[in-house]
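> Listed here are the chains, written in short residue letters.
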Amino acid sequence: MLDIRNLHASVDGKPILRGLDLHVGTGEVHAIMGPNGSGKSTLAQVLAGRDSFTVEDGSVSWDGVDLLAMPTEERARAGLFLAFQYPVEIPGVSNAYFLKAAVNAVRRHRGEPEYDAMDFLKRVKAEMKAVGMREEFLYRSVNEGFSGGEKKRNEVLQMALLEPRLAILDETDSGLDIDALRTVADGVNRLRSPERSMIVITHYQRLLDYIVPDHVHVLSRGRIVRSGGRELAHELEERGYGWIDEAQATPAAQGAAS
Amino acid sequence: MNAPTKPIEAFLEREYPAGFVTALEADALPKGLSEEVIRRISEKKGEPEWLLQWRLEAYRRWLTMTPPGWAQVSFPPIDYQDIVYYSAPKRKADAPKSLDEVDPELLRTYEKLGVPLHERARLAGVAVDAVFDSVSVATTFKKQLGEHGIVFCSFSEAVKERPELVRQYLGTVVPQGDNFYAALNSAVFSDGSFVYIPKGVRCPMELSTYFRINARDTGQFERTLIIADEGATVSYLEGCTAPMRDENQLHAAVVELVALEGASIKYSTVQNWYPGDKDGKGGIYNFVTKRGDCRGARSHISWTQVETGSAITWKYPSVLLRGDDSVGEFYSVALTNHRQQADTGSKMIHMGRNTKSTIISKGISAGRGSNTFRGLVRVTPKAAGARNYTQCDSLLIGERCAAHTFPTIEVRHPSARVEHEATTSRIGEDQLFYAMQRGLTAEDAVSMIVSGFCKEVFKELPMEFAVEAQKLLGVSLEGSVG
Ligand SMILES: Nc1ncnc2c1ncn2[C@@H]1O[C@H](COP(=O)(O)OP(=O)(O)OP(=O)(O)O)[C@@H](O)[C@H]1O
Ligand SMILES: [Mg+2]
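The listed protein sequences derive, respectively, from chains D and Y. Heads up, the first sequence is in my numbering, so the first residue is 68 and it goes up one at a time. Heads up, the second sequence is in my numbering, so the first residue is 7 and it goes up one at a time.
None of these hints come from the bench; they were simulated from the model. If you're wondering where the values come from, they're calculated on a predicted model, not measured in any experiment. Virtual Cβ for every residue (Gly too), placed ideally from N, Cα, C. Take these hints with a grain of salt, some might be off.
Residues from chain Y shown here face chain D by an in silico Cβ test under 10 Å; the list is partial [stated by the list, open to error]: (1) Ala408; (2) Thr411; (3) Pro413; (4) Glu435; (5) Gln437; (6) Phe439; (7) Arg444; (8) Leu446; (9) Ala448; (10) Val456; (11) Ser457; (12) Gly458.
Okay, chain D solo, but in the shape it has when bound (with noise of 0.2 Å):
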């Protein structure tokens, strides 16, 4: 269970989140729309640690342990996982040592053996073959020369070898063609299970086709302007989000939000 009450963020003093409540409970899938610019990779970031963002108020409270308190490598060790929507390109470092310092890094942390390059290779070529990619991706750079397309599927596969608890995805569906975005579905869809809980950050309701939220959330100047369930996700594909940031002008819309 995530519980995210009065969280403000802001970078270089620059106010981002404003104030963002959001309840997300053990075994739940939300959905996160919202404009460009609204916040919601900062909340994704936040949530993963990334210490240039300064958290200036709130709290984040993740199955009763304090988040914001742990570092970056501990949150990410327990079960904290986050999908970017722009993967890092890493040159020099071979994506089979990247995958398999993490994996070995998290299995250590859960008091399991870590897998040496046998089991690792077994375990990952078989996820690989999942998430549709090729052997070769193992013995290039991390990311290096990657399309954007085969970024975002290294991201799912990173997932699913990490297996996570909290796996939040910021635009992975972006500029996936329709193949590509079927697989990252199925690869979500196959982690999912009463104990691990997801936030699908989003521009496209598609996504939403695929993998089915419990919940969407609206991200509006930095902070949840509305809830609901799916069809709230094609509303707001109908109708875009002015309507709802005039609605949010009113204070009584405003207090219905949150």
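Given the coordinates of chain D, assemble chain Y with the ligands onto it according to the supplied hints.
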């Protein structure tokens, strides 16, 4: 990309573990340089007259020379009268004949530095010459090497025991007047290592020298000479450390390598002289001339260096490719942090036909470090079919460091093929965040990136040194998957 934040800085703030001082009584000359001082150095070492004259000639040349001003380094002028040119740990009566006679305090020093002379002698199969300030204090495995006709000893001993070899080769690769620092070294050099591998002999173990500067205000001017006779093969390693002191100390070494027909010399360095503190106070000035001469056909000289220490590094290990089909190689990792400055690179001079050379340089700058690659590839008019490949990569950590590259290519034969590639990249906060989001620590992430960056060079190091070099850079060996 954002400015890298705390994790990188913490990683770079590591302490210098070799910075302690050994309390020993020293037999030292007073500060200052003159013909008189040179005579006394020569006398202390019991040198023959020809060598004294050779030194004096170098000194007279040096007096007419000025320090090179072209390097991308800056430091206040050095007062050459304020340096001690000879300092040796006091000995009981004569030079120690075996390790058992070496001052235990000295043995402890090397042990602390991770070069246990006794243990290595027994276990690791690496022969070590330990040079402390101005003199060699111990050389291991001499007997076993002697059985193959291999000479591995201190330079001073070589002068006594194999004067004909010293006289034949000394100064033939780096002449006395080659440059300002080489001339100074030729005048005052105190000790260093000497290696001779006879015809057709493949040296059965790694040879290594461990240089240690201990005494205050002392310069270390070592001189190393390695000769691989026809068809001989040798791999030689050197390591260096010094105590932490607020004053700068000068280290001006000369290394000469001679490879005769079909011979092969592999020379590896892990240089970890005290770099100064984070504000740039103290540290070693490492002004070194290293040159190899592929004198015979099909000879092969390879330099590998991992340079992490010194306040200032000025060195360009070079190869003169005289013999037809000879091969020269240079693999370098140079790291500058805080206020360290490095101006380093290589020269490959192609004179023989079908000669080949490779230069791989990896510069890492962090803090306010400055890292310059300077390369020269020269193909002379007789060097038909010469080939060179140069690759020069810079990695920046943080926003305040600098990297420069100055490649020079002079080709005077139409059949030559010379290739040059260069890249610059930066470790970004986004890369660290990405790795940490996957459960790695910032330190692991930096190590992983640096290690990936240096991979091509580390694989050239002998196994034992690769591990030490990795540790030095705070990196863990990148496990090969599959
Ligand atoms: N490092 C930064 N420096 C300055 N401004 C930033 C920084 N990071 C984010 N911002 C600003 O914060 C706001 C929210 O950005 P964020 O990336 O969270 O938006 P988003 O909702 O994910 O948008 P999109 O849908 O386009 O991905 C934007 O106005 C952005 O310019
Ligand atoms: Mg975004």
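> Does each hint hold? Answer for all of them.
A quick look at each hint next to the structure:
1. Because the closest C-beta pair between Y/Ala408 and chain D is about 20 Å apart, greater than 10 Å, the hint is violated.
2. Hint status for Y/Thr411: violated, given a least beta-carbon distance of 18 Å to chain D, over 10 Å.
3. Of the supplied interface hints, the one on Y/Pro413 is violated, with its beta-carbon coming no nearer than about 21 Å to a beta-carbon of chain D, more than 10 Å.
4. The beta carbon of Y/Glu435 comes within 6 Å of a beta carbon in chain D, closer than 10 Å, and the hint placing it at the interface holds.
5. For Y/Gln437, the interface hint holds, the least distance from its beta-carbon to any beta-carbon of chain D being 5 Å, beneath 10 Å.
6. Checking Y/Phe439 against chain D: minimum C-beta separation of about 5 Å stays under 10 Å; hint holds.
7. For the restraint placing Y/Arg444 at the interface with chain D, the shortest Cβ-Cβ distance is roughly 4 Å, inside the 10 Å limit, so the hint holds.
8. Among the interface hints, the one on Y/Leu446 holds; its C-beta lies about 6 Å from the nearest C-beta in chain D, closer than the 10 Å criterion.
9. Residue-level restraint check for Y/Ala448 holds (minimum Cβ-Cβ distance to chain D is 8 Å; threshold 10 Å).
10. Look at Y/Val456: its Cβ gets to within about 9 Å of chain D, closer than 10 Å, so that hint holds up.
11. Among the interface hints, the one on Y/Ser457 holds; its C-beta lies about 8 Å from the nearest C-beta in chain D, closer than the 10 Å criterion.
12. Hint on Y/Gly458 holds. Least Cβ distance to chain D is approximately 3 Å, under the 10 Å limit.
The structure fails to meet hints 1, 2, 3 from the earlier list, while all remaining hints are met.
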